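Take the sequences, apply the hints, and build the full model.
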Amino acid sequence: MERPKHRAAIIGTGGIAHRHAQALADLGDRAELVAVAEIDPDRAAAFAEEHSVANVYGSAEELLANERLDLVHVCTPPKTHAPLAIAAMKAGVPVLVEKPTALSLSEMDAMAAVQEETGVPTLTVFQHRYGSAAVRLRRLIQAGVLGRPLVAVCETLWYRDDAYFAVPWRGSWEAEGGGPTMGHGIHQFDLLLSVLGPWAEIRAAAGRLSRPTDTEDVSMALARFADGTLATVVNSVVSPRETSRLRFDFEHATVEVEHLYGYSDEHWRFTPAPGHERLADLWVNDADAPPSGHRLQIEAILDAFDAGTEPGVSLADARRTLEFAAATYASAFRGRPVLAGEIAGQDPFTRGMDGGAVPWAPSLKTLLEKDVNA
1 MERPKHRAAI IGTGGIAHRH AQALADLGDR AELVAVAEID PDRAAAFAEE
51 HSVANVYGSA EELLANERLD LVHVCTPPKT HAPLAIAAMK AGVPVLVEKP
101 TALSLSEMDA MAAVQEETGV PTLTVFQHRY GSAAVRLRRL IQAGVLGRPL
151 VAVCETLWYR DDAYFAVPWR GSWEAEGGGP TMGHGIHQFD LLLSVLGPWA
201 EIRAAAGRLS RPTDTEDVSM ALARFADGTL ATVVNSVVSP RETSRLRFDF
251 EHATVEVEHL YGYSDEHWRF TPAPGHERLA DLWVNDADAP PSGHRLQIEA
301 ILDAFDAGTE PGVSLADARR TLEFAAATYA SAFRGRPVLA GEIAGQDPFT
351 RGMDGGAVPW APSLKTLLEK DVNA
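If you read the sequence shown in the working numbering, its first letter stands for residue 1, the second for the next number, and so on.
Calculated directly from the structure, the hints in this document are not laboratory data. Possibly wrong hints are sitting among the right ones.
Calculated pairs, EDC-like style, for lysine to aspartate or glutamate (alpha carbon to alpha carbon, straight line, at most 20 angstroms) [to be verified]:
1. K5 to D306
2. K90 to E62
3. K5 to E32
4. K5 to E310
If you're wondering where the values come from, they're calculated on a predicted model, not measured in any experiment.
Quick look at the structure:
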């Protein structure tokens with residue numbers, strides 16, 4: 001049976017939008033990029049010409065009102081993610097949002113309420129879940145052949161210089177939601193969570209050590225998972241030798257990956273424990289497997305649409321990852337452990353990742369003194 005060609009549109013034409021457009025093009029007859037919305041007319045025209053997009057709109061509202069769409073991709077700065085996703089759901093269009101899905105848990109809950117009301121899904125770009133090696137690892141865990149997970153290490157050690165933060169929305173709690181915990185390491189610890197499942201407790205530290213930001217530039221967390229697994233999670237934008245690393249130590253094997261912005265099977269290593277050498281036969285790298293990236297996740301979404309099943313990554317899944325980030329900040333700034341589910345209701349960390357408790361932020365007294373002396 002011939003599968004339908006899905007009509008897609010992109011809102012926002014910054015750097016990440018080009019990856020979405022290329023992914024849609026790589027899917028050939030599965031999808032067609034029919035429209036784009038961008039407030040900058042020159043940038044919109046250049047993007048449309050580069051990717052052969054027929055229809056260009058100056059606003060998301062105009063696009064949603066005039067196009068029949070199967071999926072809309074939100075590729076705008078983080079502050080706009082939740083409002084645009086809500087607008088798309090109310091227009092009846094499934095939406096794929098770049099990370100982070102929202103700037104706070106309360107925004108996530110507002111989105112979930114609209115999703116419940118409309119029956120239209122919002123999905124989040126966490127493409128590293130879809131690489132073939134990650135899929136293989138989860139399959140082996142489900143089969144029980146690796147034994148219990150015991151220890152994990154998750155490191156996003158990246159480098160962003162001061163000029164990177166000259167873009168107005170970067171490094172701001174209000175516009176970006178946080179530093180590398182929200183904007184960089186979130187991909188790696190989302191993959192960690194997709195492998196290990198629910199987390200139970202976080203003890204964390206964070207600091208603004210070098211960069212000209214309001215947010216942190218380094219955070220570290222020690223996480224205990226529901227099954228007892230212990231994991232360390234490090235997020236940094238001050239590390240000159242960049243790497244992204246995940247390591248899982250199971251009873252019967254160690255499975256690890258080291259890459260930068262996307263992995264292939266060749267980046268993974270499998271080490272069986274003594275006495276379990278035959279497990280290596282279950283880990284066979286696929287040299288032809290495409291690298292983890294937007295194409296694999298978008299293809300999986302379209303497959304789910306065609307099959308009538310639930311596509312990923314759902315709002316519920318994405319909320320668990322965002323709660324991990326919120327708990328990292330809450331633990332770091334309050335100086336105590338934070339339990340899963342603890343950040344709820346009127347807790348300041350539900351309304352913003354800074355929780356009004358950033359230790360290096362200027363105090364109200366300092367701000368008033370500056371106003372008086374100005």
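To see whether the hints hold, each was checked on the structure:
1. K5 to D306: 10 angstroms, holds
2. K90 to E62: Holds - the C-alpha atoms of E62 and K90 are around 14 angstroms apart, at most 20 angstroms.
3. K5 to E32: Holds. K5 to E32 sits at ~7 angstroms (cutoff 20 angstroms).
4. K5 to E310: Cα-Cα ~19 angstroms, so holds.
Consistency note: the structure conflicts with none of the earlier hints.
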